[in-house]
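Turn these sequences into a full structure, and let the hints guide you.
The working numbering runs 4 ahead of the 1-based position in the sequence shown.
Treat the hints with care, as some may be off.
Here are the simulated distance ranges between beta carbons [as the list claims (entries may be wrong)]: (1) S78 to P278: 28 to 34 Å; (2) P98 to E60: 27 to 33 Å; (3) E283 to V93: 23 to 29 Å; (4) T75 to E274: 21 to 27 Å; (5) S77 to A236: 27 to 33 Å; (6) V111 to P234: 32 to 38 Å; (7) N213 to Y273: 23 to 29 Å; (8) P270 to A107: 19 to 25 Å.
Rather than coming from a laboratory, the hints here were simulated on the basis of the structure. All of these numbers come straight from a predicted model, not from anything done at the bench. For glycine and all other residues, C-beta sits at the position ideal for the given N, C-alpha and C.
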Amino acid sequence: MSCILINKRSHPTRRRRAAPGFTFLEILVALAISSVFLVGAYAAFVQISVAQHASEARAEALRNGRTALATMSSELKSIISLQGELIGVDDAAPYGDGIDNNANGKVDEKRLNGQPDSAGAATTGAVPRELTSWTKRPDPGDPGVDQDCLFGRDQVMFDIFPSIPTPGMTAKWVRYVIANYDGQPNVLLRETMIEIGGATPNPGVQPVNATPIAFGVLGFDVLYWNPNVPAAQRGWVATWDTRTVPAAQLGLPASVFIRLTLYADPRPYETWTPGRPVETIKLETMVNIEPSL
Numbered sequence: 005m006s007c008i009l010i011n012k013r014s015h016p017t018r019r020r021r022a023a024p025g026f027t028f029l030e031i032l033v034a035l036a037i038s039s040v041f042l043v044g045a046y047a048a049f050v051q052i053s054v055a056q057h058a059s060e061a062r063a064e065a066l067r068n069g070r071t072a073l074a075t076m077s078s079e080l081k082s083i084i085s086l087q088g089e090l091i092g093v094d095d096a097a098p099y100g101d102g103i104d105n106n107a108n109g110k111v112d113e114k115r116l117n118g119q120p121d122s123a124g125a126a127t128t129g130a131v132p133r134e135l136t137s138w139t140k141r142p143d144p145g146d147p148g149v150d151q152d153c154l155f156g157r158d159q160v161m162f163d164i165f166p167s168i169p170t171p172g173m174t175a176k177w178v179r180y181v182i183a184n185y186d187g188q189p190n191v192l193l194r195e196t197m198i199e200i201g202g203a204t205p206n207p208g209v210q211p212v213n214a215t216p217i218a219f220g221v222l223g224f225d226v227l228y229w230n231p232n233v234p235a236a237q238r239g240w241v242a243t244w245d246t247r248t249v250p251a252a253q254l255g256l257p258a259s260v261f262i263r264l265t266l267y268a269d270p271r272p273y274e275t276w277t278p279g280r281p282v283e284t285i286k287l288e289t290m291v292n293i294e295p296s297l
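What follows is the structure, encoded as structure tokens:
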């Protein structure tokens with residue numbers, strides 16, 4: 005009798021157990037959950053990146069503006085002891101930041117001139133910033149003064165006497181103005197000029213040097229507190245010229261209000277075009293030149 009031995013491991017009819025793994029449906033579910041997580045993480049990253057760029061733009065604008073205000077304030081205060089001449093010119097660009105700053109429901113931009121704005125005088129949503137030294141006086145912090153301002157293009161020019169006398173030079177002039185510098189627009193410049201006496205071949209005021217003190221300055225506004233009127237009529241004026249003030253009156257304003265409007269948009273500065281709404285910051289200071297009467 006013969007016997008046939010059968011290897012059970014190699015029997016063709018025996019089924020093998022499937023290896024453990026994921027089904028196609030399980031993979032799809034895992035991918036969907038991962039996608040939701042990744043999209044949320046990416047959105048958070050984008051928001052953080054945008055906020056960081058905006059913060060960096062504002063910080064850079066603050067550094068620029070504070071340095072410029074400190075420089076101008078220091079020099080303007082020096083006029084007290086020198087009793088020099090001060091000339092302020094009022095000018096403005098035909099556009100502003102395109103934002104409703106005084107919250108009156110519309111962008112009604114005009115020059116900053118220290119006078120009540122008829123469109124914003126009745127505004128209740130604006131938050132006034134009142135300077136302590138001018139409480140209850142019509143200064144730029146009162147609710148009735150326009151805050152939707154065009155970008156100022158004012159100029160301030162004053163003379164100082166040189167510490168070291170130079171032959172033929174009768175005075176040294178300093179002027180602050182927004183201009184182009186080395187191919188870049190909207191640069192606040194400190195220009196120095198010398199006044200030559202008539203005995204020289206070329207009398208008059210001659211430019212000597214121009215130094216940038218702040219970049220990305222979209223607005224430069226200056227107001228002057230006029231002490232040469234009765235107390236009830238005193239207020240801010242947009243221009244000043246010591247040369248036209250009568251001898252019996254004070255030749256200098258009691259205070260000078262300076263506002264700088266600086267580019268603080270996270271978008272590259274080179275992409276900005278005049279007239280397009282833009283994020284800015286405003287820095288202000290008050291320089292007391294001499295006490296009012």
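Hints, one by one, checked against the model:
1. Hint check: S78 to P278, Cβ distance near 31 Å, so the stated range 28 to 34 Å holds.
2. The given range of 27 to 33 Å is respected by P98 and E60, whose C-beta atoms sit roughly 30 Å from each other.
3. Judged by the Cβ atoms, the range 23 to 29 Å given for E283 and V93 holds: they are separated by roughly 28 Å.
4. In this structure, T75 and E274 meet the distance hint of 21 to 27 Å, their C-beta atoms being roughly 26 Å apart.
5. A hinted range of 27 to 33 Å for the beta carbons of S77 and A236 is consistent with their spacing of about 29 Å.
6. Checked against the hint of 32 to 38 Å, the C-beta distance between V111 and P234 comes to roughly 36 Å, which is consistent with it.
7. The hinted window of 23 to 29 Å between N213 and Y273 holds, with their beta carbons roughly 25 Å apart.
8. About 23 Å separates the C-beta atoms of P270 and A107, a value consistent with the hinted range of 19 to 25 Å.
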